[in-house]
Amino acid sequence: MGLPKATVHGILQTLAAVGFVEQDEETGKYQLGAALLHMGSSYLDGNELRARALNWSDALAARSGESVRIGTLHEGRVLVVHHVFRPDDSRQALEVGALQPAHATAMGKVLLAAYRYVAAELTADELVRYTPSTITARDALETELRTVKERGWAADVEELVMGESSLAAPIEDRRGVTVGAIGISGPVERMMENGSSRTDLVSYVRETARAVSRDLGAIPW
Amino acid sequence: MSERYVAAVDQGTASSRCLIFDERSRIISVSQIEHSHIYPRPGHVEHDPEEIWRNVQKVIAQALAAVDLGVPDLVALGLTNQRETTVLWDRATGVPIHNALTWQDMRTDHLVRELGGDAGADRFRDRCGLPLATYFSGPKIRWLLDHVDGLRERAEAGEIRFGTMDSWLIWKLTGRHLTDVTNAGRTMLMNLETLDWDDVLLDAMGVPRAMLPEIRPSMEVYGEAGGDLAGLPVAAALGDQHAALFGQTCFDTGDTKCTYGTGSFMLMNTGAEPVRSANGLLTTVGYKVGDEPATYALEGSIAVTGALVQWFRDKLGLIGSASEIETLARTVDDNGGCYFVPAFSGLFAPHWRSDARGVIAGLTGYISKGHLARAVLEATCWQTREVVDAMNSDAGTTLTALKADGGMTANNLLMQSLADVLGVPVARPLVAETPSLGAAHAAGLAVGFWTDVEELRGQWHKAAEWIPSMDEAERERGYRKWRKAVARTMEWVDDDD
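Line order of the protein sequences matches chains Y and B. Each residue of the first sequence is one higher than the one before, counting from 1 in this note's numbering. Each residue of the second sequence is one higher than the one before, counting from 1 in this note's numbering.
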């Protein structure tokens, strides 16, 4: 390329940080990242995503007993494209079309972890503190997103609303590109056990995300 | 495993499915196999009853295997089925004497007009609640008796058996020849008051009583299955729309459900008395619980709902998938004054005008594809409104809420528009598979797995609800425009077309 090696390395590091390239852990070789793949493709319509995920999200609400939402990224925030009521016949209002802050919700963290360049663009003003637990420091958010990316799911514990917690996992298409997040939310007493997210609920959410991804053509894993 | 389950088989037009439900009415397993459609000539649509029976056995086995359950884990099996599809088989050998004539098969077109004679399509409506039409089983039986050599003599001698899909499957499962009231009610041979075969109707159609199954309630133990399913009580049978009504827990007079698919089917529970329609709706048995009196329903079908979205996608190519219609419709705020009446093959309930054809009204230079997409979605809403008005008028009730199911409930804008146009809340249930849920509920009730309908009502949960947000004046103005558009569809077809 006619550039010094260190400069190329610096450029690649920057591109990797925002998800445009990815480095293979074993070989050290670089390849195009998911974020770039996403930019170059027609994005999955939120209405299409809802239609494809309808039965799976109903089943998740039935199994978990909590409300279910599917979200996509929209200008740095989470756009709710689907909402299934908590199956307890209490009065609930449909939240389809609502926007949630990305840094303070499980769905948002899943999406930001897949689109690091969006996280990088969030301004200090946008990293609003909603509760004492909200992650507002950029470093802390970066660390959180790395964890989310590694383990494949995210939690918010009283980070948006006191007493409320949410869990989410990524929905991927056939190229492994994250096209949305699916999650459940409810009171901490039901969502948590001994200070951590209930493992059965985490597996329900992850299984559902995988099932929807499979229906979108993702390779089973 | 101490927990026990109920299985439902949904023998549908496209496929056979088996769903297994736990005692909280949650789906724990699903299996599905499609069957072939046989088109011997234009307008003829047949299914192979033996293939369907093989598929039904397979889906039950697969659904059980998928969750490591066996027949002893099931308390009962409930059936729901495509309606009106007609099977005739040899009483001695059990072999079908012809492929099943499906409800979509139109070969009885001339026959039903002949049967109507001077009295027309409504000749038998008082007795059976139905107009003469190609869908129903009675004329299909008659066609087979007229066209298969020697069949009439054999039928009169009691050597031939008739059944709709429920009947065929119950016979294969238990060896008994019976049907449930909801399926029997779609033959045009059953009297709506006596709930028994009607001699006048049998005479008029030329169908020998000897070939008909015994009519039983929708839920009771019909018998135990044999073979691989040995010991499994077969405890319910309902036509698909009737099962959906039951699965949507529409147990009270006035409770109404509508299933939105290619076409749509609305059923309103009208209580213990059949309501005769002055608006061309069908009178049908909703369901019958054991020895209790039957619950009746009014049925209104809309020929073109999801089919219009498909047409918009396939014939106009303005969208790539059905879901994209919502995205396109949301590019604008309203219909821009544009109304789309999809009278592709005439107007059905409540107008019944075969001379009508589709119209897009209110076109101006302002109209964009987004407005057209809105008009396409609103067509489903206004057509629903017309059927609701007809039902309210026939039954003397006022709709207070609508329970919706079917694929189109995924369309959020459509569901909101529906609530706006009807002026009542529209809810979608957590279990979208309402026919299977209804069949499972009915079977579970018959064997005491669930105590009563109140318990079932407690297991119906809202997955979503859309609240009307349109003001009354705007709603009525929209409806007025829709009716003007409908008026413009009429008298289009000429004698020489």
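Among the hints, a few may not be true.
Here are the computed distance ranges between Cβ atoms for each label pair [said to hold, decoys possible]: (1) Q92/Y / R91/B: 48 to 58 Å; (2) D228/B / R190/Y: 18 to 28 Å; (3) T398/B / D200/Y: 40 to 50 Å; (4) E3/B / G176/Y: 36 to 46 Å.
Don't read these hints as lab results, they were simulated from the structure. We put the CB at the ideal spot given by N, CA and C, even for glycine.
Tested hints:
1. Q92/Y / R91/B: 48 to 58 Å: holds (55 Å)
2. D228/B / R190/Y: 18 to 28 Å: violated (41 Å)
3. T398/B / D200/Y: 40 to 50 Å: holds (45 Å)
4. E3/B / G176/Y: 36 to 46 Å: Hint holds: Cβ distance 37 Å, inside 36 to 46 Å.
Comparing the model with each earlier hint shows a violation of hint 2 alone; every other hint is respected.
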